[in-house]
Every structure is written in C-alpha cells, then in structure tokens.
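This is what each chain is made of:
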Amino acid sequence: MTDISAAFATAIHLLITLDANLLEIVGLSLQVSFSAVALAAVIGLPMGAALALFKFPGRGTLTVMLNALMGLPPVVVGLVVYLLLSRSGPLGVLGLLFTPTAMIIAQAILVTPIIAALTRQVVADLWIEYAEQMRSLGAGPLRAVPALLYDARFTLVTAVLAGFGRASAEVGAVMIVGGNIDHVTRVMTTAIALEVSKGDLALALGLGIVLIGLSLAINAATFAAKQRAEATWN
Amino acid sequence: MELNAPSAAPEAKRIKTSNSILPLRVENLLYEANGQRLIDNMSFTLNAGPRSVILGPNGAGKSLLLRLCHGLIAPSAGTVTWQGANVASDAATHQAMVFQRPVLLRRSVIANVLYGLKLKGTPRAERAEIADDVLARTGLARFRDTPARLLSGGEQQKLALARAWALGPQVLFLDEPTSNLDPAATHAVESICRHMHDEGTRLIMTTHDLGQAKRIADDVLFIHKGRLLEHTPADPFFEIPASGEAAAFLRGDLRW
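Those protein sequences? They're chains A and B, same order as listed.
Be aware that the first sequence starts at 1, since it is given in this note's numbering, and climbs by one per residue.
Be aware that the second sequence starts at 1, since it is given in this note's numbering, and climbs by one per residue.
Check the hints yourself; a few may be wrong.
Quick list of in silico lysine to aspartate or glutamate cross-link-like pairs, EDC-like style, CA-CA up to 20 Å [claimed, not checked]:
1. K225/B x D90/B
2. K225/B x D235/B
3. K214/B x E230/B
4. K120/B x D182/A
5. K225/B x D40/B
6. K118/B x E132/A
Sample of chain A residues lacking proximity to chain B, with all beta carbon distances greater than 12 Å (derived) [said to hold, decoys possible]:
7. L148
8. V171
9. S215
10. L216
No wet-lab data here; the hints were simulated from the structure.
Think of the CB as a built atom: it goes at the ideal place given N, C-alpha and C, for glycine as much as any other residue.
One chain only, chain A, in its complex shape (with noise of 0.2 Å):
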C-alpha cells in the first residue's frame, strides 16, 4: 500500500516539477511510438483495403495470417530486427541497432498487421454495401479504394488507436533493439522494467501512472473527436 501512494506522491511530484529526465524519456516515448504508427498506417490502411477488395489466390490464407499476425510476440519482432539490424546481419552496414529508428521499425512491424487487419475487416463491410453503386458510376475496386478509406474514416481511426496502444504499451520489441540507452533509447516502458530491477517500484509506478494517463488522454481526445465527427457526417 506504502509502494502505491509512494509511487503516486512520485508521479505527481515528477509531473508537477517537469522533471527532465521525465520529459526526455516520455518524449522519445511518444515520438517512436507516433512515428511507427505513422509507417504502420501509410502501410496497413492501404494493405488492409487491398486485402478486402482484390480476389487473388491465396487472400484466405493471406488474412488468416494478418489476423494471425496481430498477436506477434513483441520480443520475437524484437529479435528478428536486432538480428537483421546487428553487425552481422543483412542490414547492419546501416548501423540502426540502439537507435529509435530502429524502435521504430521494430514497433511498425508490430502495428502494421493490427491496423491493416483491422481495415481489412472494416472495407470489407463497407464494400457490400457500396459496391454496385460504385460500379455503376464506374469505379472498379482500385478506384473506390480512396473512397473507402475516406468512408471509413471514423472506424479507422479507431484501428489507428489500437495500433498506437500496441506500440506504446509494448516493451519487449523496444528494450532488445534499443538497448534502454539512457538519454539515447530509453522510453517510459523500458524506464518502468529498468526501475522495477533495480527495486525502485515508487519511480516504475510512477511512470507507469503517466503511460497509463497519456493513453487516456489521447483515447479520450480522440473519441470526443470521432463523436462530434460521427454525429456530423454519420
């Protein structure tokens, strides 16, 4: 009970003095987890829209996969882009590994099947109901594609959500490729894991309390936002 007022005393204390280090970490936290949403988005609305309105062999497996895909074990991306990006490997003359960029492309990996699965599913629906006006105005799927995503833009944003939760909350992906570098790769959940080992609960809980808080905030902004939106267009 000590560990929990003492790990809130702590994160309003870190909250109302703009601690620094608070600052830097949560800003790199959010700057790595947008940025690979961003990617994820540019990549898995499109894929996800192709996906629900092309016919081509193997699209049933292919969506089982994405679907699959969504679980993806965050050490597992972490791993394989640490071996693609180390020394040794394919990439490694890039010299990414114990950057962000290399969270980033470790958390868009992660996004990209949650998001495109996601449009996937919400295109689909959408397609059954649009298709034959669409067609009888002479847009075939490739056309109506921008259409659609436009469309369904209010549910999508919700798909864009759930990918952001994804990378944000996730720690196993960031903490193998970027290393939790102080002041270079250190973000609030690889902060939370590094304070718990060193048996400093008051700090970890605390920042747990601001990871926890941003979500809120930016679901419950974004909800406000989809509401007045969605009253409006319907």
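Please build the complex by placing chain B on the supplied structure of chain A, with the hints as guidance.
Chain B only, in chain A's frame:
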C-alpha cells in the same frame, strides 16, 4: 429520338441522342444461382424513346434483370448488347442506375454529385456548374453543403437521382426507387424521372406498384418467376393483359 412528352424541358438538351447506345438487345438471357434458374431465357429489345416498366411480384427477378442489363452481374448464358451507333465507345459510361436504397458517400450533398462526375471523367472545371445545376433542378440546392447521410429518405433518393442526372446518361435504370418512400417523396422522384425522360434519358424502371407503373409506363415488361410473360405497350397491358398471371397480378390476387 422521338420524345413522347408533349413538350421538352426548356433547358438545353444535354443528352445527345444522335450517338445513342440504344437499342438494347437481350437474347436468351439466363441467370442461375445455387442451382436455381432465376432468369429464364429472356429475349427482348428496348428501343430509344419510351419509358419501360419492368413489372412483377416480389421475387420475380426484376432487380436481377436490371442488374444484368446494366452489367453489374454477368449472365449464366445469353447476351446483353447495346446496338446503337455509339457501340464503339464504352456503353457503360452512358448508363446510370438508382437503387432501391440510395448509397450515398459520407460527404456533403454536392460532393456526392461531384464524385460521380469525377469518376465519369468530366473535366474538373465543369463539375461544379453541372452539380449545382442538378441540385437546383432536384430541389436540393438548400442542402448543398449538408452531409448527405443526414438527409431524409426521400431527399437521399432525390440526391441519388441528381447524381445520376448530372452524368447525363442515355439510359437510366431505376430499381424500385420509391418503395421506401412516402407519397410526397414518391411524387418528387417521379417528377424528376419525368424531367429526365423529357431531356432524352431512356428510363427502365422496376416496380411492383401498379399505380406507379400506370403513371410512368409507356411499355411494360411483365415478368413472373424469372420468365418474361409480356412485353407490350402500357395501355393494352393494363386493359387486357394477355397472360393469366398478369391478369391475376392486376387484380391483386396473383398466387406464387
């Protein structure tokens, strides 16, 4: 093209009839799904001019026939051919369709019309003028910037018609366009259809509503259980139908 209406609309005719894709020739059309024959060996020709109503009870295959003619689905056998002078060009770009339930994009009223024009390949500079024009003609100008999905059912269907009208189609397929609408909205939709007809658009409409068929039809295709039983001018059809099924349908006691 001969117009049946006494006087054409005052607006300049935007639909050139000299290079019509009509007549539409349907030969031995067959459509089967799950082992059931839903369209059974239909053959008919629709020439330029009159308003055709495809009449029949629910489940007769009316919507299916319309979709086959429009090219939305492929027949199991038989052919749908556009035999007009303009067959060299893509016949699909001269057709439009309005569905029983309007499918509107989640954007403003005007943007829905603009999107149709964009897909048709209308030059960007001309789109806004055409769109504003059809919104004015359909009485939707005051909803120009309203999100389309917030319109009432009748207004949504009018917008679907406006979007089709903007494309200046030679042929317009209408699949029970008023079956979900109240009498006032039905009247408005029929009035727009009449205007489009006056401007030279060939209307092909399905309905199970006898009153509507009588108001609109110049000729009637009566179908029942996937078979075309009659294709005759409207007046004789409603007075003395040739088939027993049509007579029963007109009396309101068709058994199926």
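Q) What are the numbers of the hints that this structure violates, sorted from low to high? A) 1, 2, 4 and 7
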